[in-house]
Amino acid sequence: MMLHSAEKEIDEKAVGAVLKAAGVKADDARVKALVASLASVDIGEAMSQAIAAPAAAAPAAAGGSSSDAPAEEAAAEEEEEDDGAGFEGLGSLFG
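Yeah, the sequence shown ends on 98 if you go by the numbering used here, and it's all consecutive.
Some hints here could point you the wrong way.
Per label pair, the in silico range of CB-to-CB distance [said to hold, decoys possible]: (1) 31 - 55: 21 to 29 Å; (2) 36 - 7: 29 to 37 Å; (3) 51 - 28: 14 to 22 Å; (4) 55 - 19: 16 to 24 Å; (5) 54 - 28: 24 to 32 Å; (6) 31 - 51: 16 to 24 Å.
Derived DSS-like pairs: lysine-lysine, alpha-carbon spacing no greater than 27 Å straight-line [as the list claims (entries may be wrong)]: (7) 35 - 23; (8) 11 - 35; (9) 23 - 11; (10) 16 - 35; (11) 28 - 16.
Simulated from the structure, these hints should not be mistaken for lab results. Where a beta carbon is used, it is the ideal one built from N, C-alpha and C, also for glycine.
Sequences are here, hints too, so could you generate the full structure?
Structure representation (structure tokens):
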């Protein structure tokens, strides 16, 4: 996200430099896999969806009616499925 915000190319060298600056010793193969998995992701769109999702969920949670609980659970499950789209390799990068 930092590289995208800075309008820098998201490549192995740039990701490695960010991780090094953060004091993280990352495996080169994992960095390569991360960059490859992000190649097909529109990071700007993913960031806007991540920001919009909590705001949209807040009014539903404020309802407090117990009859709405199954619908809220189903909506939460759908959001959880979409949250990892395109970022499968991100967690494995840090061990």
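Hints and how they fare:
no.	hint	verdict
1	31 - 55: 21 to 29 Å	violated (35 Å)
2	36 - 7: 29 to 37 Å	violated (18 Å)
3	51 - 28: 14 to 22 Å	violated (32 Å)
4	55 - 19: 16 to 24 Å	violated (31 Å)
5	54 - 28: 24 to 32 Å	holds (31 Å)
6	31 - 51: 16 to 24 Å	violated (31 Å)
7	35 - 23	holds (15 Å)
8	11 - 35	holds (17 Å)
9	23 - 11	holds (17 Å)
10	16 - 35	holds (9 Å)
11	28 - 16	holds (14 Å)
In summary, the numbered hints that this structure violates are 1, 2, 3, 4, 6.
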